[in-house]
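In this note's numbering, the protein residues as written are 1 to 301.
Calculated directly from the structure, the hints in this document are not laboratory data.
Keep in mind that the hints are not guaranteed to be accurate.
In the DSSO-like style, the derived pairs of lysine-lysine whose C-alpha atoms are separated by at most 27 angstroms in a straight line are [what the hints assert, rightly or not]: (1) Lys162 with Lys180; (2) Lys162 with Lys182; (3) Lys58 with Lys98; (4) Lys56 with Lys98; (5) Lys210 with Lys162.
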Amino acid sequence: MTTMTNTRSRAIRVAKPGAIALGMGLGSVLVLGGCRGERSEEPPRQIFPDMDDSPKWKPQSGSDFFVDGRIMRPNVAGTVAWGRSTDPNDPRRAAMLKEDDAFYHGTDGAGAPVAYIPAGAFEAIAPGAADSQAAITAAITRGRQRFDIYCSACHGYQGNGKGEVGVRWSSLPANFHDEKFKDRSVETGTDGHIFQVIRNGLIDQTGAVKMPPYGHAVNEADAWAIVAYVRTLQASWTISLEGMSQEQRSELERSRPPEVIPAAPAAGSPSSGAPATPSPASAPPASTTPAGTPANAGERQ
Numbered sequence: 001m002t003t004m005t006n007t008r009s010r011a012i013r014v015a016k017p018g019a020i021a022l023g024m025g026l027g028s029v030l031v032l033g034g035c036r037g038e039r040s041e042e043p044p045r046q047i048f049p050d051m052d053d054s055p056k057w058k059p060q061s062g063s064d065f066f067v068d069g070r071i072m073r074p075n076v077a078g079t080v081a082w083g084r085s086t087d088p089n090d091p092r093r094a095a096m097l098k099e100d101d102a103f104y105h106g107t108d109g110a111g112a113p114v115a116y117i118p119a120g121a122f123e124a125i126a127p128g129a130a131d132s133q134a135a136i137t138a139a140i141t142r143g144r145q146r147f148d149i150y151c152s153a154c155h156g157y158q159g160n161g162k163g164e165v166g167v168r169w170s171s172l173p174a175n176f177h178d179e180k181f182k183d184r185s186v187e188t189g190t191d192g193h194i195f196q197v198i199r200n201g202l203i204d205q206t207g208a209v210k211m212p213p214y215g216h217a218v219n220e221a222d223a224w225a226i227v228a229y230v231r232t233l234q235a236s237w238t239i240s241l242e243g244m245s246q247e248q249r250s251e252l253e254r255s256r257p258p259e260v261i262p263a264a265p266a267a268g269s270p271s272s273g274a275p276a277t278p279s280p281a282s283a284p285p286a287s288t289t290p291a292g293t294p295a296n297a298g299e300r301q
């Protein structure tokens with residue numbers, strides 16, 4: 001009798017968890033099935049909210065959290081604006097307002113690159129210049145600064161295409177001293193062409209990018225300043241000292257870096273490669289000129 005009772009108790013204990021699980025499953029089916037097709041004006045039940053209703057402040061609203069009661073915070077001191085607008089039409093609208101094609105695009109009325117830098121470019125680069133010559137000088141100075149920053153890495157400081165990056169590039173950058181970049185009768189020799197390449201980059205016929213655009217970093221005025229400096233680099237290779245005034249020569253000499261000439265190693269020193277030979281005590285003195293100057297005083301050591 002006792003054995004039968006224990007067996008029934010174990011059977012009940014084993015069957016109880018299974019019955020509970022079965023009941024929960026049937027209840028879930030009934031609940032979900034009963035909600036099918038039901039229309040309600042109430043918000044849906046969110047089993048996993050996923051931060052859909054996380055606490056937040058809405059724009060143009062107020063709060064007591066900040067002293068001024070504003071939710072939208074002002075920019076901190078020193079903030080630099082980047083970009084113009086999130087409106088996708090804004091860049092096109094800004095481009096349409098740039099009516100001067102020669103200055104903003106480097107083209108004439110027919111869409112061809114302009115041969116020379118527009119006069120308005122010098123006014124934009126140096127608006128406070130005393131005269132046209134001062135404006136040109138300011139443009140060349142500004143162009144040299146921008147060229148050294150953005151162009152010299154590939155084109156070299158002399159504009160010969162032998163910059164530190166350029167010589168390691170898959171194709172050599174442009175050498176501005178080539179005739180095709182100086183002959184204004186061809187497109188590649190016009191100022192407008194150089195301006196367009198600076199701003200928009202250069203893509204060859206195969207679609208390969210030969211040069212990336214720098215319009216994001218170089219504005220229109222600075223691009224024209226770089227063109228002015230490129231023309232100065234080209235001219236510097238064709239001007240001789242005979243064609244310069246004494247004042248210009250003196251200025252050139254002052255701006256030239258000092259020439260460092262290493263001293264010749266002394267005879268018998270380890271770097272000379274020759275054994276040390278003691279001078280005889282009766283060695284004759286160095287010959288001198290009639291004026292008393294050593295004959296070898298003018299030779300470079």
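Hint check:
1. The straight-line distance between the Cα atoms of Lys162 and Lys180 is roughly 17 angstroms, inside the 27 angstroms bound, and the hint therefore holds.
2. With a C-alpha separation of about 18 angstroms, the suggested pairing of Lys162 with Lys182 holds against the 27 angstroms cut-off.
3. This hinted pair does not check out: Lys58 and Lys98 have alpha carbons roughly 37 angstroms apart, beyond 27 angstroms.
4. Taken as a hint, the Lys56 and Lys98 pair is broken in the structure, with Cα atoms around 42 angstroms apart against an allowance of 27 angstroms.
5. For the given pair, Lys210 sits about 15 angstroms from Lys162 by alpha-carbon distance, which is consistent with the 27 angstroms threshold.
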